[in-house]
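Numbering (the working numbering), first residue to last: 57 to 397.
You can trust all of the hints, since none of them are fake.
Computed cross-link-like contacts, SDA-like style, restricted to lysine to any residue with a CA-CA straight-line distance of at most 25 Å:
id, residue 1, residue 2
1, Lys268, Glu106
2, Lys123, Arg241
3, Lys247, Pro122
4, Lys345, Asn296
I should point out that these hints are in silico values taken from the structure, not numbers from a laboratory.
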Amino acid sequence: MRRVFIAGTLSIVACTAAHAQTTPFITPTAPHFTDAERQAELQRRRTAVESKMAANSLMILLSAEPKIYTNDVDYAFRQENNFYYLTDLKQKGAVLVLSKKAGKLTEFVFLPKRDPENETWNGHMYSTAEAATISGVKDIRLAETWPAWLRLIQQKTASGYQSVYLLNKLPENTDDENGEREFRREHTLAKQLVGYKIEDPYSIFAELRQTKSPYEQQMLQHAVDISIEAHEQSWLAAGNTKMEFELQAAAEYVFRRRNADYWGYPSIVGCGPNATTLHYEESQGPVPKDGLCLMDVGAEYDHYSADVTRTFPVNGKFSKEQADIYQIVYDAQEAVAREAK
Numbered sequence: 057m058r059r060v061f062i063a064g065t066l067s068i069v070a071c072t073a074a075h076a077q078t079t080p081f082i083t084p085t086a087p088h089f090t091d092a093e094r095q096a097e098l099q100r101r102r103t104a105v106e107s108k109m110a111a112n113s114l115m116i117l118l119s120a121e122p123k124i125y126t127n128d129v130d131y132a133f134r135q136e137n138n139f140y141y142l143t144d145l146k147q148k149g150a151v152l153v154l155s156k157k158a159g160k161l162t163e164f165v166f167l168p169k170r171d172p173e174n175e176t177w178n179g180h181m182y183s184t185a186e187a188a189t190i191s192g193v194k195d196i197r198l199a200e201t202w203p204a205w206l207r208l209i210q211q212k213t214a215s216g217y218q219s220v221y222l223l224n225k226l227p228e229n230t231d232d233e234n235g236e237r238e239f240r241r242e243h244t245l246a247k248q249l250v251g252y253k254i255e256d257p258y259s260i261f262a263e264l265r266q267t268k269s270p271y272e273q274q275m276l277q278h279a280v281d282i283s284i285e286a287h288e289q290s291w292l293a294a295g296n297t298k299m300e301f302e303l304q305a306a307a308e309y310v311f312r313r314r315n316a317d318y319w320g321y322p323s324i325v326g327c328g329p330n331a332t333t334l335h336y337e338e339s340q341g342p343v344p345k346d347g348l349c350l351m352d353v354g355a356e357y358d359h360y361s362a363d364v365t366r367t368f369p370v371n372g373k374f375s376k377e378q379a380d381i382y383q384i385v386y387d388a389q390e391a392v393a394r395e396a397k
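Whole structure, please, built from the sequences with the hints as guidance.
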């Protein structure tokens, strides 16, 4: 299943000069923000969301569920996008609540209590002070108090709220079960909130995230920079590779070396006829020495993903036929870009 990305205008070096470069692109230092700068940015986002909520409403955002790889082994944890957008918290089992009632805005986070045994096996958990420092949310409550709070909210008349925003979006394609799996706890919670109008906050987040703040632009640019370096290192390695997975490894090595979260989507590395399959992800074909290779790879950094596709000649030089076709496609792309402005 492929991904949905936020569009942006980004500058990428042309691949035609890949093998001519003596000094490949090196990713600049990652952006750095003080606690105060990060907290101000997150508060700006939460305030913007709250301004679009209906009067006398709640928004409840649950952290992502760990996803099972096999047996007792999970995939690497990745936080739910919107929860992270408003908190910067990577903690499992957390809940963010935004309240808008009688003209008053309040916000709080339910956080699992630190467990030394759990931390021995699974790594550091936030203290309440750490979570407050990272997110800027001052009211941090223990997750063990969540059930009691929820029981109070279930008493709709006494609560004073009329509607609840939950990420409860069902897949548009009835054959696609991802939506059911991704938000199954939200679906269950919605059924427990009898009498409330359940609202989907998707449109609120979609509108707000169309425009990137200077803070976000720096994060996104860093994801792009890492992706540029990954592409260029792959081009430079191409002449010494035999299989597509070697090119993929060269790119993804850069992702880890530059401390990206990882890829923003499964890498596509297709040479020869494999390049014509839009979502080819096997990377099991040969690298033809006189052929072309398409790479669609992008790094994700702090939940911001680049999406870069380039086609390049493995031996560093286009044949006349390859160059002619490349130019036709390039000119068409540029024409579309001009019309889109």
